[in-house]
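Order-wise, the sequence lines are chains L and W. Throughout, our numbering is defined as the position within the first sequence, counted from one, plus 15. Throughout, our numbering is defined as the position within the second sequence, counted from one, plus 22.
These aren't lab readings, by the way, just hints derived from the structure by calculation. Not one of these hints is a red herring.
No more than 27 Å apart at the CA atoms, straight line, and that leaves these computed lysine-lysine pairs for DSSO-like:
(1) L:K71 / W:K25
(2) W:K79 / L:K17
(3) W:K35 / L:K57
(4) W:K25 / W:K93
(5) W:K25 / L:K57
(6) L:K57 / W:K93
(7) W:K79 / L:K57
(8) L:K57 / W:K40
(9) W:K75 / W:K40
(10) W:K25 / W:K77
(11) W:K40 / W:K93
(12) L:K17 / W:K77
(13) W:K92 / W:K40
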Amino acid sequence: QKEVEQNSGPLSVPEGAIASLNCTYSDRGSQSFFWYRQYSGKSPELIMFIYSNGDKEDGRFTAQLNKASQYVSLLIRDSQPSDSATYLCAVYTGRRALTFGSGTRLQVQP
Amino acid sequence: DVKVTQSSRYLVKRTGEKVFLECVQDMDHENMFWYRQDPGLGLRLIYFSYDVKMKEKGDIPEGYSVSREKKERFSLILESASTNQTSMYLCASRGTGSRNQPQHFGDGTRLSIL
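Okay, chain L solo, but in the shape it has when bound (with noise of 0.2 Å):
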């Protein structure tokens, strides 16, 4: 089992639809979940990361984490066809690198 798992997809979407990406991970003791945007031929950027149990907001962007179910996900309102980007979920278990999950390509359409 991978440490980190996500759907590869890709996820399609229509514009100014939700679009809900997933990731679970295995290590209970994980302490914080990041979620990252990488548009093709980029490197990974930071959008938000999340540590308590619930949901946290930032502009169209919600991530929300259950730690009991272990997983962590990323909810984006109104999406954009510049949202079409791989989404990259990682997790910190204590380890000095983040594990990252494989991606979810998203793809809005217009």
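Dock chain W against the given chain L, drawing on the hints supplied.
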């Protein structure tokens, strides 16, 4: 804002050459990392360093070495480049002291070995 700078965006080298990829960060971060990213394989950790002159192997260290002589600079060395090392190479840095410290990435170096 944290800035992680990689010396080259694109690099073309020949098999057997010794290749140096340089990375500099400006946030006094203790931890620095080298990844490679290939289609379908995600980010794979090659090496990381948690202090000057300290290094640890990541998941795929074979064929690579690293050097960290100064805190802000972390170099990746391909001792004898091979075609299977053609890839996107990403450097990252991360502070310590808080679980909420993200990793900050450079722009990446797309390396082609001919």
